[in-house]
Amino acid sequence: TQLLEQSPQFLSIQEGENLTVYCNSSSVFSSLQWYRQEPGEGPVLLVTVVTGGEVKKLKRLTFQFGDARKDSSLHITAAQPGDTGLYLCAGANAGGTSYGKLTFGQGTILTVHP
Amino acid sequence: ETGVTQTPRHLVMGMTNKKSLKCEQHLGHNAMYWYKQSAKKPLELMFVYNFKEQTENNSVPSRFSPECPNSSHLFLHLHTLQPEDSALYLCASSQSSADISYEQYFGPGTRLTVT
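If you read the sequences in order, they're chains E and V.
Positions 1 to 114 (the numbering used here) are the ones given, in order, by the first sequence.
Positions 1001 to 1115 (the numbering used here) are the ones given, in order, by the second sequence.
Keep in mind the hints are simulated off the structure, nothing from the lab.
Since the structure is predicted, the reported quantities are computational estimates derived from the model, not experimental observations.
There is no bait here: all hints are sound.
Below, a list of computed lysine-lysine pairs in the BS3-like style, where the Cα atoms sit at most 27 Å apart:
| no. | chain 1 | residue 1 | chain 2 | residue 2 |
| --- | --- | --- | --- | --- |
| 1 | E | K101 | V | K1022 |
| 2 | V | K1040 | E | K101 |
| 3 | V | K1040 | V | K1019 |
| 4 | V | K1041 | E | K101 |
| 5 | E | K70 | V | K1040 |
| 6 | V | K1052 | E | K101 |
| 7 | V | K1036 | E | K70 |
Sequences are here, hints too, so could you generate the full structure?
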């Protein structure tokens, strides 16, 4: 069974601070996705990383896929109250019995205070 | 708006009731998924359909019965549920489960409460 450990589980910061969320596994994934979910809504896809060592930027958000494709991080610069939400990482496996399935981390609840 | 709609958004049902959840995707995708999201637990995959065929049943109790009449619609029929089945039920779709990037697009979910 593949597991994705996401940390921290909770993060409460002030507006303007930087933060990093981590997603770690002992398994190799063919790709990894980050989602953001607001209360009462479904997860919304932010980014997909596919290549080991890949770095993608989305405005103030920077996503990195580990060289071995076992871990990933999400860094937010100068956080804003609008960044508040549940952040989920999800790893995809391209083969075997896990074909087509995403393994989700337990999520990080981020609260950014004005 | 992700292109995936779910109805109803909220549902309260007794343990002896029968109800159905509906999902529709407007993205031209071929794969659809049901997930269960409970507090303090990771998202749990329940069922996967590819081109209307069920390809995954993640040991889900028989009181949950999925139906996929075509690639755009997915239902989850519920009967004799238990209070611990109360959760947010999410539907998702993707190009196909063979898509190398496996990008899934989620609906807003149905908040189910079993009394």
